[in-house]
Amino acid sequence: MSADPKAASYLDSIEVVEVQRGPEPGGARGAYRAFGETLRGLKTTMARLIEGPLTIEYPEEKTPVYPRFRGRHKLHKFEDTGLEKCVGCSLCAAACPADCIRVVAAENIPGERVSAGERYAAVYEINLSRCIFCGYCEIACPFDAITMGHDYEMADYDRQNLIFTKEMLLAEPIERTPLKMEGE
Amino acid sequence: MILPIAETGFAEATWIMVVKSLVIFAVIFGILPILTVVERKLIGRFQHRYGPNRVGPFGLLQPLADVGKLISKEGFRPAAAVPALFILGPLLPVLAGVLSLAIIPWGDVQDGVGLYGIDVPIGILYFFAVGSIAFYGLLLGGWSSGSKYSLLGAMRSAAQLISYEVSMGLALLGVVMMSGSLSLVSIVHAQGEIWFIVPQLVGFGIFMLAGFAETNRTPFDMPEADAELVQGFMTEYGGMRFGSFLLVEYMEILVVSGIAAAMFLGGWMGPGPSFLDPIWMLVKMLGLVLVFIWIRATLPRLRYDQLMTLGWKVLLPLATLNVLVTAILVVVT
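Top line first, the protein sequences correspond to chains A and B.
The working numbering puts the first residue of the first sequence at 1, with every later residue one more than the last.
The working numbering puts the first residue of the second sequence at 185, with every later residue one more than the last.
Among the hints, erroneous ones may be present.
Residues from chain A shown here face chain B by an in silico Cβ test under 10 Å; the list is partial [stated by the list, open to error]:
{"no.": "1", "residue": "Arg-29"}
{"no.": "2", "residue": "Gly-36"}
{"no.": "3", "residue": "Thr-38"}
{"no.": "4", "residue": "Gly-41"}
{"no.": "5", "residue": "Pro-53"}
{"no.": "6", "residue": "Thr-63"}
In case anyone wonders, no lab produced these hints; they're calculated from the structure.
Even for Gly, the Cβ is constructed at its ideal location relative to N, Cα and C.
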């Protein structure tokens, strides 16, 4: 024991940890156990064979996404009037931490209204090469004009193609992603 | 009483021998590539995967793609290597594998043609002799590459060989005593009443275990040990030289399965007309090959000392005991 009383009390307080050890190998019992375990292993692998593969062969089969999955953005229109929901307020651009949204607003001219509000987004671009898919734009939007869709296959050879314009975001996305059903 | 050491067989015309050899060669080299795909696919299934299924229908053309890739590679040789031996390394095992195919009996003598490469009177001894030549290939290949990993792999091969060759021989000795012959054809004939796997179950187990070691398969793939020794003796090999080492591995699996099927599972015997005999033999062989694959999917590689312990302390005494008991029983009955 150490002369230092502090150290001594510390040593006394250490609990004795018992190490769990496996059975000692060797001997007839060891051989018997190894044989049994081998058979158990064979059974396990055979059961996997019978269960069949779990692979999802990606380009042909796609993993279903959850309903709240945050994929590529969508801009929305009113279903009855066909007017755009976006009023060009730029709140999404302000909320965007990656600063990838560019909105240029313009006044609606009576007679050829584009959006339901006073103004509309003349330019609405999302630079998807910068977007981090955080979904803050969706939260910031007071009119639910922008939401995160389920599309996640956006890889491209050219950065230019990753700047999505208003027309592209408004267009119905090609629904390629299966959605997870309830209970899945 | 003088026991006949072996059957003398009978003479065949030379052209029949040539045709037989070509047929056996063609059949085995047709099976080998399929075997590689089957192994990879099965291992995949054992792990909830599909395995190769992109090249051709069901991935059946995968070996073609693999061989194409291997052949088109540069025949690289390290500067420290000994050229002649480095080239000889992969050739010897191929030669040995093909040679040992000759004695696998595919059927009895039908219409004056023996359905086997050759009925050697020393059958099993031939198998061991040729099998040992294959190990020369590994040792030479490993040593002549001038690399420490290769040398380590080769040394492990050598150590493994001496640990298992003895038990393997003793395991087969029981069968040899019961049938009173070394020739594989006579041994199969001796199994008319009962397959030798029943009275020689221990021998069969030891033979298969030693077979795993002989063919460098998991759990005894110590010489290769892809994870620790980067393929062991093959580290410095590339292209088709590497490919031929792999080819030999599969060929040895076929040979060991064939010998086991002939010695313990009744060889070509099975229901149906006699022209089905080679099919039965093939079925038994491939069944054993599936066991090899199943084991590979299941067991991890043993540690080096465990391998030695198993070889010398378990298998050798067991095999000796098996031989003793068999000998006593054979003399008594």
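Cross-check of the supplied hints:
1. Arg-29: Check failed: Cβ of Arg-29(A) comes no nearer than 13 Å to chain B, outside 10 Å.
2. Gly-36: Violated. Min distance 13 Å.
3. Thr-38: holds (7 Å)
4. Gly-41: holds (4 Å)
5. Pro-53: Since chain B brings a Cβ to about 5 Å from Pro-53(A), closer than 10 Å, the hint holds.
6. Thr-63: With a closest approach of 15 Å, the Thr-63(A) hint is violated.
Checked against the numbered hints above, the structure violates hints 1, 2, 6; every other hint is satisfied.
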